[in-house]
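J.: Note that the protein sequences, when read in sequence, are chains A and B. All you need for our numbering is the position in the first sequence, starting with 1, plus 115. All you need for our numbering is the position in the second sequence, starting with 1, plus 807.
Hints were generated in silico from the structure; no laboratory data involved. Careful: at least some of the hints might be erroneous.
Said to hold, decoys possible - Taking lysine-lysine pairs in the DSS-like style, the calculated list, with each CA pair at most 30 Å apart, reads:
#1 LYS289/A - LYS953/B
#2 LYS275/A - LYS895/B
#3 LYS235/A - LYS839/B
Because the structure is a prediction, the values reported are computed rather than measured.
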Amino acid sequence: MAEGGQLIFISGGVRSGKSSFAEKTAMELTKKTQGNLHYIASGVAFDAEMKDRIKRHQQQRNEGEQQWETWEEPYFLHNLSTVFQPNDIVLFDCLTNLLNNRLFQTGERLLDPSFHEEIKKSILEGILSIQKNCHTLIVVSNEILNEPIFSSDLVLVYAKLLGRLNQQVVAMAKEAYLVEAGIPICMKKEDDDLAFRDGRSM
Amino acid sequence: MHFVMGGACNGKAEWVRIHYDECQYPRESWIKAYECSYYDWLNEDSDSSLVVIEGIEYWIRELSLQYESDAVRRIWKEALLKWDRWEKEGWRRKVVIIGSDITRGIVPVEKLDRKWRDDAGWAFQDTVQLCDRVDHIWYGMGQRIK
């Protein structure tokens with residue numbers, strides 16, 4: 116694991132409750148560290164409906180006793196690497212959106228393998244740059260790799276990139292959770308020596 | 808036989824690589840189902856001791872396009888039984904089967920894709936039945952489920 120803060124990975128299907136679990140985890144951690152709560156949103160508001168949804172989410176997050184500071188960063192997490200304090204908890208929602216934005220930012224290099232490597236490297240470095248400068252970074256991702264993916268070149272590129280990113284974040288993370296219908300299943304916890312787990316964590 | 812399953816691009820092959828490097832089988836053959844036909848596999852008389860078959864969902868698709876679902880399931884089971892016998896007949900032999908789960912997306916628009924998805928689901932169930940060990944891989948993390 117990199118020096119500095121710790122990393123938690125949370126994934127799940129659409130409406131699985133992964134975001135709520137991530138928010139709850141962040142709020143509980145903040146109580147312990149006495150730091151501030153931050154939310155990095157990677158969604159781009161293309162239309163009024165999306166703008167409305169983002170606003171509603173922001174309001175909902177701040178209805179509780181703890182206050183969130185929201186940062187909108189659709190492309191480069193590095194831009195935020197200096198804004199957090201060592202006891203702050205940062206929630207990043209979500210990796211899939213960021214990958215979308217980066218991949219479709221420029222049209223012409225869409226199928227260029229060196230471009231894909233650049234994006235992957237840059238996203239991972241962005242994650243590390245934030246992790247280093249806060250107490251805990253929680254990364255939210257999506258379960259979208261359980262269907263046929265060879266429908267087109269582009270889908271395959273996207274699937275491979277997301278699969279790689281998720282694998283690398285899980286490998287760096289102290290904890291990893293898969294949320295199924297609101298129930299978080301712990302897939303990785305450092306110092307976890309359960310006999311049936313024998314993956315690369317060893 | 809050992810079945811390793813999980814979503815696409817989740818690091819299944821890499822997990823198998825690492826896991827079986829430790830076991831040190833003398834001769835291995837790694838078959839990629841997306842690079843050859845199901846029938847090539849069937850006819851190969853392997854003198855390897857470790858046989859890894861990666862991407863069985865492609866062979867299920869090949870069969871699915873040719874046969875009714877009942878037949879797909881029967882043919883696949885027969886192939887598995889054949890490899891199970893091969894594994895048990897010789898000294899220090901192992902068959903490792905890697906499959907990507909394709910059953911959790913939105914219902915496919917094309918009828919043949921729907922059939923493939925059904926056939927893959929059944930074939931995976933039969934494979935689990937016939938394997939002594941099954942691991943589920945999630946972004947590189949293995950969890951033994953049988």
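J.: Taking the numbered hints from earlier one at a time, note which ones the structure violates and give those numbers from smallest to largest.
T.: 2
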